[in-house]
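Residues per chain are reported as follows:
Number of protein chains: 4
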Amino acid sequence: MTTLSPSESNQGLGKQRIEALSDAIFAFAMTLLVLDVKIPKVSGALVTQEFLVQTLLDLWPKFLSFVMSFVILSLFWIAHHGYSHFLKRTDRTFLWINLLFLMVVVIVPFSTDFLGDYPRQRIASLVYGCNIMALGLTLYWQWEYATHGHRLVGSHIEPKLVRKGKQRILMGILMISSAMLLSWVNPALSIVVYVLFPIAYLRPSQIDRHWTHAHD
Amino acid sequence: MTTLSPSESNQGLGKQRIEALSDAIFAFAMTLLVLDVKIPKVSGALVTQEFLVQTLLDLWPKFLSFVMSFVILSLFWIAHHGYSHFLKRTDRTFLWINLLFLMVVVIVPFSTDFLGDYPRQRIASLVYGCNIMALGLTLYWQWEYATHGHRLVGSHIEPKLVRKGKQRILMGILMISSAMLLSWVNPALSIVVYVLFPIAYLRPSQIDRHWTHAHD
Amino acid sequence: MTTLSPSESNQGLGKQRIEALSDAIFAFAMTLLVLDVKIPKVSGALVTQEFLVQTLLDLWPKFLSFVMSFVILSLFWIAHHGYSHFLKRTDRTFLWINLLFLMVVVIVPFSTDFLGDYPRQRIASLVYGCNIMALGLTLYWQWEYATHGHRLVGSHIEPKLVRKGKQRILMGILMISSAMLLSWVNPALSIVVYVLFPIAYLRPSQIDRHWTHAHD
Amino acid sequence: MTTLSPSESNQGLGKQRIEALSDAIFAFAMTLLVLDVKIPKVSGALVTQEFLVQTLLDLWPKFLSFVMSFVILSLFWIAHHGYSHFLKRTDRTFLWINLLFLMVVVIVPFSTDFLGDYPRQRIASLVYGCNIMALGLTLYWQWEYATHGHRLVGSHIEPKLVRKGKQRILMGILMISSAMLLSWVNPALSIVVYVLFPIAYLRPSQIDRHWTHAHD
Numbered sequence: 000m001t002t003l004s005p006s007e008s009n010q011g012l013g014k015q016r017i018e019a020l021s022d023a024i025f026a027f028a029m030t031l032l033v034l035d036v037k038i039p040k041v042s043g044a045l046v047t048q049e050f051l052v053q054t055l056l057d058l059w060p061k062f063l064s065f066v067m068s069f070v071i072l073s074l075f076w077i078a079h080h081g082y083s084h085f086l087k088r089t090d091r092t093f094l095w096i097n098l099l100f101l102m103v104v105v106i107v108p109f110s111t112d113f114l115g116d117y118p119r120q121r122i123a124s125l126v127y128g129c130n131i132m133a134l135g136l137t138l139y140w141q142w143e144y145a146t147h148g149h150r151l152v153g154s155h156i157e158p159k160l161v162r163k164g165k166q167r168i169l170m171g172i173l174m175i176s177s178a179m180l181l182s183w184v185n186p187a188l189s190i191v192v193y194v195l196f197p198i199a200y201l202r203p204s205q206i207d208r209h210w211t212h213a214h215d
Numbered sequence: 000m001t002t003l004s005p006s007e008s009n010q011g012l013g014k015q016r017i018e019a020l021s022d023a024i025f026a027f028a029m030t031l032l033v034l035d036v037k038i039p040k041v042s043g044a045l046v047t048q049e050f051l052v053q054t055l056l057d058l059w060p061k062f063l064s065f066v067m068s069f070v071i072l073s074l075f076w077i078a079h080h081g082y083s084h085f086l087k088r089t090d091r092t093f094l095w096i097n098l099l100f101l102m103v104v105v106i107v108p109f110s111t112d113f114l115g116d117y118p119r120q121r122i123a124s125l126v127y128g129c130n131i132m133a134l135g136l137t138l139y140w141q142w143e144y145a146t147h148g149h150r151l152v153g154s155h156i157e158p159k160l161v162r163k164g165k166q167r168i169l170m171g172i173l174m175i176s177s178a179m180l181l182s183w184v185n186p187a188l189s190i191v192v193y194v195l196f197p198i199a200y201l202r203p204s205q206i207d208r209h210w211t212h213a214h215d
Numbered sequence: 000m001t002t003l004s005p006s007e008s009n010q011g012l013g014k015q016r017i018e019a020l021s022d023a024i025f026a027f028a029m030t031l032l033v034l035d036v037k038i039p040k041v042s043g044a045l046v047t048q049e050f051l052v053q054t055l056l057d058l059w060p061k062f063l064s065f066v067m068s069f070v071i072l073s074l075f076w077i078a079h080h081g082y083s084h085f086l087k088r089t090d091r092t093f094l095w096i097n098l099l100f101l102m103v104v105v106i107v108p109f110s111t112d113f114l115g116d117y118p119r120q121r122i123a124s125l126v127y128g129c130n131i132m133a134l135g136l137t138l139y140w141q142w143e144y145a146t147h148g149h150r151l152v153g154s155h156i157e158p159k160l161v162r163k164g165k166q167r168i169l170m171g172i173l174m175i176s177s178a179m180l181l182s183w184v185n186p187a188l189s190i191v192v193y194v195l196f197p198i199a200y201l202r203p204s205q206i207d208r209h210w211t212h213a214h215d
Numbered sequence: 000m001t002t003l004s005p006s007e008s009n010q011g012l013g014k015q016r017i018e019a020l021s022d023a024i025f026a027f028a029m030t031l032l033v034l035d036v037k038i039p040k041v042s043g044a045l046v047t048q049e050f051l052v053q054t055l056l057d058l059w060p061k062f063l064s065f066v067m068s069f070v071i072l073s074l075f076w077i078a079h080h081g082y083s084h085f086l087k088r089t090d091r092t093f094l095w096i097n098l099l100f101l102m103v104v105v106i107v108p109f110s111t112d113f114l115g116d117y118p119r120q121r122i123a124s125l126v127y128g129c130n131i132m133a134l135g136l137t138l139y140w141q142w143e144y145a146t147h148g149h150r151l152v153g154s155h156i157e158p159k160l161v162r163k164g165k166q167r168i169l170m171g172i173l174m175i176s177s178a179m180l181l182s183w184v185n186p187a188l189s190i191v192v193y194v195l196f197p198i199a200y201l202r203p204s205q206i207d208r209h210w211t212h213a214h215d
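Chains as they are written, first to last, in numbering that gives the first Met the number 0: chain A, 0 to 215; chain B, 0 to 215; chain C, 0 to 215; chain D, 0 to 215.
Think of the hints as simulated: they come from the structure by calculation, not from any bench. Mixed in with the good hints there might be a few duds.
Which copy? The list can't say, so a pair holds if one copy fits it or any two copies do.
Distance condition first, Cα-Cα at most 25 Å in a straight line; then the derived SDA-like pairs of lysine to any residue [said to hold, decoys possible]:
| no. | residue 1 | residue 2 |
| --- | --- | --- |
| 1 | 37 | 55 |
| 2 | 165 | 80 |
| 3 | 40 | 129 |
| 4 | 40 | 194 |
| 5 | 165 | 95 |
All chains, please: the whole structure from these sequences, using the hints.
Written out as structure tokens, the structure reads:
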């Protein structure tokens with residue numbers, strides 16, 4: 000018979016290493032975004048001050064999509080961070096949902112690159128929107144799975160907190176959905192929503208104040 | 000004479016930093032996979048909605064091999080995670096087996112890229128299979144080395160648990176072997192097995208339930 | 000009502016995971032710098048010992064900008080490390096300032112690559128200077144936000160220490176400003192200042208001695 | 000006066016975050032090595048089974064240099080790991096020596112790529128040798144700085160252990176020096192020494208046994 004001491008038992012798979020993998024993948028995906036913002040190297044004769052300034056200015060769609068994706072990934076990192084704080088244990092199913100979430104994170108540099116190359120094309124805007132929506136959906140799934148019947152969270156977590164957490168994610172999914180619909184009118188409009196989308200989460204919201212209160 | 004206090008002695012090389020290096024290498028290898036899924040940038044006149052949709056659709060072998068490798072690496076990360084949970088100490092030999100395992104992990108983006116470029120070629124399928132099999136073999140070696148005579152694990156670990164852990168890895172090696180044999184018939188068949196292979200590990204198996212039980 | 004135990008409450012968002020994300024992003028950005036130092040592969044007939052030595056020597060602007068950026072990023076990593084040591088708690092606003100800082104860190108490989116490709120062009124030197132100055136400004140903002148009214152630091156932190164910390168950052172911003180002005184005279188002069196800039200921070204300064212003293 | 004509680008004081012800069020940065024940079028550099036092992040994508044008509052097998056076989060110098068560098072970086076990671084275990088505190092000078100060491104680590108993918116592209120050229124072998132020797136020298140410097148007058152290590156550390164640690168690094172520097180000299184005879188000979196070099200450290204040596212003993 001196994002007689003592991005209490006300190007050996009980790010109540011399922013360790014939360015700490017899942018966080019370590021998640022942080023590293025987020026950090027890497029956020030850093031990879033910059034790899035696609037590149038000024039082509041041209042040979043000496045062509046290089047003038049004016050040429051380089053123009054080349055820099057022409058990069059603005061790449062640069063905008065870099066900033067946008069960095070901010071959106073930051074937002075999801077904070078959210079992931081916030082939810083995992085309430086976890087008391089993990090299980091194999093949760094781990095796989097989390098890995099699916101991380102796979103969607105890894106795809107963000109791809110769809111950012113695509114949008115930066117073709118900012119006026121509806122298909123690029125739709126692919127980007129799908130990617131962000133998948134982030135929202137897999138995060139929602141994680142939170143739903145973890146809190147359902149207090150599966151992985153403490154037994155005294157407030158139902159209100161669980162509900163508010165879900166509403167917060169659904170709000171984002173709704174915004175991204177409308178952005179995708181707007182791309183049928185004009186792809187530029189959808190990009191405006193993608194840019195505005197994180198602003199809704201920037202300041203501490205009512206839910207945030209609630210959480211802070213809960214921790215006092 | 001050295002008079003290191005007990006807190007200074009770490010019973011061999013620290014398990015925590017080995018895990019940190021392993022998690023980081025896994026995270027990078029998993030993120031690097033996306034670098035090879037790229038839509039070529041073409042100049043303005045050629046870009047139509049239809050052209051881009053077609054280019055996206057043509058990417059499916061790259062995308063499928065990305066997802067497949069991400070899932071397989073996730074699987075091995077979970078397994079590595081699960082086994083290292085039982086380690087009580089490490090030694091230099093174990094460290095080198097672990098580093099060999101990580102070297103094989105790092106090669107996965109290479110063989111994934113190869114398979115994504117030439118999905119219909121037997122050699123690409125064989126190289127991919129060899130890579131995954133090497134993951135299984137080095138993981139098996141780690142577990143065998145660590146548990147042999149309770150070398151690096153606690154003395155009260157059940158022989159049954161050790162045996163089940165080995166069987167679980169051998170099952171995967173067997174599946175990959177048959178996939179490689181199938182590639183002589185048709186490379187597409189072997190890819191089907193590579194895709195199905197992680198499904199066998201997705202749900203908590205009997206062994207999993209056993210482990211969970213052992214931790215209660 | 001939530002009845003989280005004291006150990007569950009983390010006084011805002013966890014400092015540890017913010018540090019983990021920061022360390023990982025710094026590490027990647029510092030490693031990505033080397034990706035742009037490349038010797039072109041040429042076919043067999045052209046390769047002579049002299050050709051390769053010449054190609055290596057021609058890389059010196061790339062290599063110099065790599066070393067320069069690695070040292071500057073190291074400097075900011077140490078500074079970030081030093082300031083975050085005094086943090087007692089975090090909040091959402093601080094998190095976003097930190098993420099803005101990390102976004103600027105991620106841009107460093109881009110501006111380094113640009114400067115390495117066009118070391119004699121004023122625009123490259125100015126872009127690089129702006130990037131480093133943005134590092135200084137966002138770090139200043141973090142420290143200002145954290146210490147204002149002891150918002151995120153312990154209540155007994157000395158006003159002198161806070162002031163010295165700010166002066167230390169402002170000194171760097173001043174040096175970078177003058178480098179950028181010098182680039183109007185000659186871009187090479189500004190690069191000399193970028194190279195010399197970290198030297199001012201290399202040795203323990205008076206402030207350092209003060210901090211060390213504070214810790215005894 | 001500052002009245003930081005004992006828990007606030009960290010005796011200089013935190014060892015934990017230095018290790019985190021080091022582990023991440025090592026992991027990233029080790030993973031980047033694989034980026035240069037690439038099979039060129041050619042269009043459909045040219046692809047035959049024979050062509051791909053030949054292309055794979057032609058990659059052997061790239062693959063050998065990948066494995067060699069992965070093993071050498073592993074070796075230095077283990078050594079760095081071993082030495083930092085004895086650190087009781089850090090200071091700014093030590094931090095900079097460590098960052099210099101990490102800068103040399105980051106250059107390894109560059110010199111590996113160079114050697115893999117031009118395995119028969121003396122200059123490639125010399126650049127590679129210089130890189131590895133710089134790893135040894137900066138590691139030696141760290142250990143020398145940390146142990147001199149027990150600056151950063153515990154006061155009861157054995158002089159013999161300090162001396163053996165230095166000898167172990169010097170042995171490697173000597174091997175690399177002779178490899179570089181051999182490259183004047185034939186570059187292939189120097190590569191043989193680079194490959195054999197880590198083997199001298201693979202098994203627990205007398206010094207290792209001494210350390211293990213010290214920990215019992």
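Now the hints, each set against the structure:
In the homo-oligomer, the alpha carbons of residue 37 and residue 55 lie at most 25 Å apart both inside one protomer (9 Å) and across protomers (22 Å), since each shortest distance falls under that limit. Taking the closest pair of Cα atoms, residue 165 and residue 80 come within 25 Å of each other only inside a single copy of the chain (15 Å); across copies the shortest separation is 30 Å, beyond that limit. For a Cα distance limit of 25 Å, the shortest separation of residue 40 from residue 129 across copies, 21 Å, qualifies, whereas the shortest one inside one copy, 33 Å, does not. For the homomeric pair residue 40 and residue 194, the shortest alpha-carbon distance between copies (23 Å) is at most 25 Å, but the shortest distance inside one copy (30 Å) is not.
For a Cα distance limit of 25 Å, the shortest separation of residue 165 from residue 95 qualifies both inside one copy, at 20 Å, and across copies, at 22 Å.
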